[in-house]
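Produce the entire structure from the sequences given, and follow the hints as far as they go.
Number of protein chains: 2
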Amino acid sequence: MTDQKMISELVIPNTTKIVLLLIDGLGGAPMHAGGLTELETARTPNLDALAADSICGLHDPIARGITPGSGPSHLALFGYDPLQCQVGRGVLESLGIGFDLQADDVAARGNFCTVDENGLITDRRAGRIPTEKGIELINLLRPVTLPDVEVSLEPVKDYRFVLVLRGEGLSGPLTETDPQQLGVAPLPVRALSPEAERTAALLNEWISRAREILADLHPANMVTLRGLDKNPGLPSMEEIYGLRAAAIATYPMYRGVAKLVCMEVLPTGETIEEEVDTLKAHWADYDFFFLHIKKTDSAGEDGNFEQKVTIIEHVYEIVVPAILQLEPDVVVVTGDHSTPALLRSHSWHPLPILLYSRHCRADAVSEFSERACARGALGRFPATDIMPLAMANALRLTKFGA
Amino acid sequence: MTDQKMISELVIPNTTKIVLLLIDGLGGAPMHAGGLTELETARTPNLDALAADSICGLHDPIARGITPGSGPSHLALFGYDPLQCQVGRGVLESLGIGFDLQADDVAARGNFCTVDENGLITDRRAGRIPTEKGIELINLLRPVTLPDVEVSLEPVKDYRFVLVLRGEGLSGPLTETDPQQLGVAPLPVRALSPEAERTAALLNEWISRAREILADLHPANMVTLRGLDKNPGLPSMEEIYGLRAAAIATYPMYRGVAKLVCMEVLPTGETIEEEVDTLKAHWADYDFFFLHIKKTDSAGEDGNFEQKVTIIEHVYEIVVPAILQLEPDVVVVTGDHSTPALLRSHSWHPLPILLYSRHCRADAVSEFSERACARGALGRFPATDIMPLAMANALRLTKFGA
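Residue numbers (the working numbering), protein chains in the order written: chain H, 1 to 402; chain V, 403 to 804.
Treat the hints as calculated values from the structure; they're not laboratory data.
Computed footprint of chain H on chain V, listed as stretches where at least three residues anywhere in the stretch have a Cβ under 8 Å from a Cβ of chain H:
| no. | stretch |
| --- | --- |
| 1 | 469-479 |
| 2 | 744-750 |
| 3 | 765-778 |
Virtual Cβ for every residue (Gly too), placed ideally from N, Cα, C.
Structure follows, in structure tokens:
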């Protein structure tokens, strides 16, 4: 991958515009040998036409064979080395819900869960209690204080919340308490360095107080904490690429990862149509737009092949023409990871990518699918190369060396 | 990329011969969507025939999306990591004109330029004064001396010259004085490390003396200095690859980069035909020939699509049969960077490459072009892998490990 410092030294001022259309969980797989993937099944004539004028390929968000989490894959798409920039989900979620996370805060993503009389987990999501119930429980936990630190607690959605500690001398790294299986007790938070001992002790005290308060409130009678981390303070997209970058995303997680690289997160609605309206409304104000579509991934996670096909068709029918009408200089269409309905989960399969610009030197690919993109001139490459390619095609990088 | 030290440990003695035919700025782009590139337009039957017996691919001289300068891209082609081996143009140009640059010399590439009464640049190339005028001005500047260092000044071509300081304790890194725009004054040389302070002061004194002498000699009434650097002392091609390497190139820049890796730079003429004659005359004396063709790049920089096509056709008609007649063991045909007439400049687009040898295991590509090579069995790969591939095909590398 290309070093971000090197890229930042090559950046030249420009007014060109780049759109990254990110279809979450885009990559798929056939349900049976010899079959077609979701993307191959979908009728996407406008995208195939765009592919014919584009350069195509397959990218690996992290590395061949590695199934990406959403945080690392998005960082890679934004050009940040996902192995160097590991960020806990607590940080992503708290940024995502708009919490004003500061440099030395420690954030955790929390789940309400159910434990039996022996303290062993029987449901990791407390029967997926609704958001209103979650808010009610959060309000019961708010009075819990800890010595010398400020405790913030915010509901996210359903059984999810974030917990943030603020104060002097807090530190990671810390282990998670969710054992990721049933029939065992939640784990204690453990410090992975001596500096983190006090923080671990504070978190364990908070958990123990929370447990007392929740004890009789079955099914949400316990909590687990995951992704405990500090904000890593990554350099911004503007510092690295000289881009005024904006994010349009309906889910907190993706707004969080966009904030992590200091994108402006635009207010938008819940639907794809509203996201497109947001793009149009702010077109003049930014150079780079990260437009995130979530529903494809959800259909894949549900194992619903047909629904994923339908959503892909809908996305392309609505979103692609709307983007092209704005006449961007560079359009990148890809996903952050594969979510084949076959596997009902994220997978390691590489992602098809299409890069369109006036200067892209189109290859012979004229269909946007996993198999067709495997023959593209971009080859198979790490996702961290996408931003340098987009910047080059937007004529925003000068040459390297004399 | 493969480490040069590792390669050097695998080298075995051999008498096989490798030719690297380097067509400067070879890669192109269509002038309009759906069109052909320069190379796709050119009729190159003998090269297409060679492609059918070769293995093909696309390479990136530096990295995906990065537009290479000529220095780094040639170093990559010779197998040197271009990010590790950054060399100032002053070094390349002074080596290129045959100046005997020593280990501790500091070299700069100079331009005569025009400034107005306020000292602001109005022409960065002083109206492109001819070489004879440049020599005349250099002779006026030769008397300028500096305390405790030897000053050498050599004309290059037109408005270009090189300045070399020799003496104890000279050091870089140093900033350039050419602001790369009009309407502003040349910048002073600045030291980028404490050791370089004295060198910066000496260079600024030289500039100030030069300015006094040139004051009334409009249009060449000022100078700028670029690419100020020391010779990095790279290991030679012979040390790494065990190759007796020779360079045939008409331009100082490319002779310079060849000298940097200790190739023998053969005297040759100005035309492609003379370069071919030089190759034939020295065929018995070397194992590796770097044959550099410049005119394709110049046509691209001029935005002259048709001329670039014509030159490509001419090169292939003359050069390829002449090379094959010598029966080399390995022939590599590629470019150092793309220079699409569309962009009138170097670009980030990857380069088509063809590698022919008796042992290459030819792929299905039977046309030498950007799009055809995208389907080649070499895939898309970094230029630093070219030398290991050429060495392997010349049966000059033993196996790695037991």
